[in-house]
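Undergrad: Note that the protein sequences, when read in sequence, are chains A and B. If you read the first sequence in the working numbering, its first letter stands for residue 1, the second for the next number, and so on. If you read the second sequence in the working numbering, its first letter stands for residue 1, the second for the next number, and so on.
Do not rely on the hints blindly, as some may be mistaken.
[Unchecked claim] Pulled from the structure, derived: some chain B residues nowhere near chain A, Cβ distances all over 10 Å: (1) 66; (2) 140; (3) 141; (4) 152; (5) 185; (6) 203; (7) 208; (8) 209; (9) 252; (10) 261; (11) 328; (12) 329.
[Unchecked claim] Stretch-level coverage of chain B by chain A, calculated; a stretch enters the list once three of its residues show a Cβ under 8 Å from a Cβ in chain A: (13) 16-24; (14) 217-225; (15) 289-297.
[What the hints assert, rightly or not] To give an idea of the chain B side of the interface with chain A (calculated C-beta under 8 Å), a few residues: (16) 12; (17) 228; (18) 301; (19) 302.
Since the hints were derived computationally from the structure, they do not count as laboratory data. None of the values given here were measured: they were computed from a predicted structure. Ideal placement from N, C-alpha and C gives every residue a C-beta, glycine not left out.
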Amino acid sequence: MPHLAAVLSHEPDSARARELITQALGGEPATPVPPPAGVDWASLEADLGDVVPPMFADGATDEELPEAWETERSQVTLADVGGLVEVKQRLEASFLAPLRNPELRRLYGKSLRGGLLLYGPPGCGKTFLARAVAGELGAAFLHVSLADVLDMYIGQSERNVAELFAQARAAAPCVLFLDELDAIGQKRSLTRNSGMRTTVNQLLTELDGVASDNEGLFVLAATNHPWDVDPALRRPGRLDRTLLVLPPDRPAREAILRSHFAHRPVERIDVAGLAKKTDGFSGADLAHLVDSAAEIALLDSVRTGVSRMITMADVQQAMRDVRPSIGPWLETARNVALYANESGEYDELAAYIRKHGRR
Amino acid sequence: MNDVPELVRAEQLLELGRAAEAEQLARTALGQDPSSGTGLELLARSLRQQDRNEEGAQVARAGLGHHPDSPDLQLALVDCLVDLVGGEASGRSRGRRGDAALVDEARATAVRLVRTEPHWWISHYAHARALLAGDRPRVRDALLAAQHAVRLAPHAADTHNLLGICLDMLKQPEAARAAYQEALRLNPQHALAMNNLATLDVGFFRLRRAARGFSDAAALRPGETLPQQNLRTLTTRLAMRTLVVVLAGAGALAIALAAGAPWWARALLGTCLVAGAVWLVHHSRGYLPRGMTLTWRSLNDAIGWHERIWLAITSSALVCLVAMSFAPHHLAIEAGFAMLFIGRMLLIALIVGGVLGAISGLKRR
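Using the sequences and the hints given, assemble the complete structure.
TA: The structure is reproduced here in structure tokens:
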């Protein structure tokens, strides 16, 4: 055996050596197997499927890293947004109509540059509207918030912004939605942290598309505090159109309440009357109200041992605890409308505050 | 660098002015390590940013119990205490029982901070603020501390602003103006320096410039109440200026009435006076931010009862002036008596200090 092994190491193809080693091992000489007529890919894949990946990579690999942000396809359209007729009309006129009519756009020389900034009190459906815009356009939807971008390490936030835009461009047509823009793009004069300033600079560069083409990339942003957003971000060609998204009006409140009650066991709920009584409630407040009513009914069912429906009495009891949450926002907005509205950019907001007379 | 993710995020959120969220994160981190110095400091700072200075001071005190030499906690405590007693030279001191003890604690902590970090400009800045706080500010000592802070950080607009406040309180308006202007040169968006410079302009009767300063400061920091309060005070000053003009006009008309001037002469004089007063009102309206004077309702929303009373008195005086100009002789004399009554009330108000309050009610920080 040792001699045969030495011969095979020098002449691996020696037929005689192979024959002798087979005899020495006590087996029959191997007969050549005819090649298969076709490759059985399924069995090959099944064999390779169990291969364990290497324990260590030690340096760069050829494998692509997973994408940092999840791109989704929105199934929601503006038709799914309850009420907010005026907002939808303005959204259609200022943003969607030019995008849907390329011929007319070319005829009137309308550029596709620039984005739309949605602003208004918290919990009033800005994110839902952005999702609906993506659904209307049939575009991919990339939702990014402060936590996704800001990083404690120097330079990483800027890199995150660059990667985010690169991914959005790769997924074009894509609606890139920057939530909490006041946090990502805060006025540079207000921040003492130089890292934040460079993040804003990076955002400006990406919005301008200096290094790459932003064709097919529609930037939407939302903020509760547009007055804290760096003015450079709102210059023409960037987020140059603004849309005020106010608390839902009465039809919208009715629609929202109906949708929240839709999949719960309810009995004789006066949704129209409830919508009338909940003036100033945001969408999130309405959801909270319905949840609270459901909780009251649930606790009662647990206590009595008899499950029952959610009734108007539960809703009325919940109404005593749930208050509109946009009060602090309105207070700041009122100051902005009074003292920081020289150019008239917050006239619409001022009119709303005057109309509702909240202080 | 602090490695606890919640605290890193809390620091970022505080920087962004989102104190409520920062507070939640700091509390989460403190749940894991209740004696964390950074956690307690961030919690104190986030509470202070929400005007919950009493709670902030308690947290900072608790932190100093664990880390007595932590400059960040010492600074947080000084800041909370100074804000709690009404800040420097803001005229907000409520003279509450126990405020003197808080001021003493703030000053003692500030001295410890200066000893811990003698080369940190913020130590001296905080010390100067503590010395200015309360009913009995030690302005000269504060000036020395502020000058030290300026020497350590000549590039920091805050130090020049504080120096300006000290000089202003020592009745050196020109030096104070130079300090505020330097602060604004270093940071043209420094709302407080803008506000403080405008208070000096009011002292020199440069009302238009002062109004511009207050308006710009209020626009830059809509959440800051100081420029808004000063704008309200300025509204009173504008109303008072108009009232003085109207009273002077009424005096001229009273002479005409007493001299038995013919109706057309009185009407002619009255037309000139009323037109002048109306022009002055319109002109004064232009001083205030657009949002404030857009409608009567927005003006009403922006001002307080004090300003409303002054505006009502001025409006009544204007009506009397019109009556003295164009009404029949006996009614004109009645209007003159009403005007006399207003003048007498104004005099009483001067004596009891209402007007003095309006004059000295401008706030600096």
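Undergrad: Against this structure, judge whether each hint is valid.
TA: Taking the hints in turn, this is what the structure says about them:
| no. | hint | verdict |
| --- | --- | --- |
| 1 | 66 | holds, 24 Å |
| 2 | 140 | holds, 30 Å |
| 3 | 141 | holds, 28 Å |
| 4 | 152 | holds, 17 Å |
| 5 | 185 | holds, 14 Å |
| 6 | 203 | holds, 22 Å |
| 7 | 208 | holds, 15 Å |
| 8 | 209 | holds, 16 Å |
| 9 | 252 | holds, 37 Å |
| 10 | 261 | holds, 45 Å |
| 11 | 328 | holds, 41 Å |
| 12 | 329 | holds, 44 Å |
| 13 | 16-24 | holds (count 3) |
| 14 | 217-225 | holds (count 5) |
| 15 | 289-297 | holds (count 7) |
| 16 | 12 | holds, 6 Å |
| 17 | 228 | holds, 6 Å |
| 18 | 301 | holds, 7 Å |
| 19 | 302 | holds, 5 Å |
Every hint, counting from the list given before, is met by this structure.
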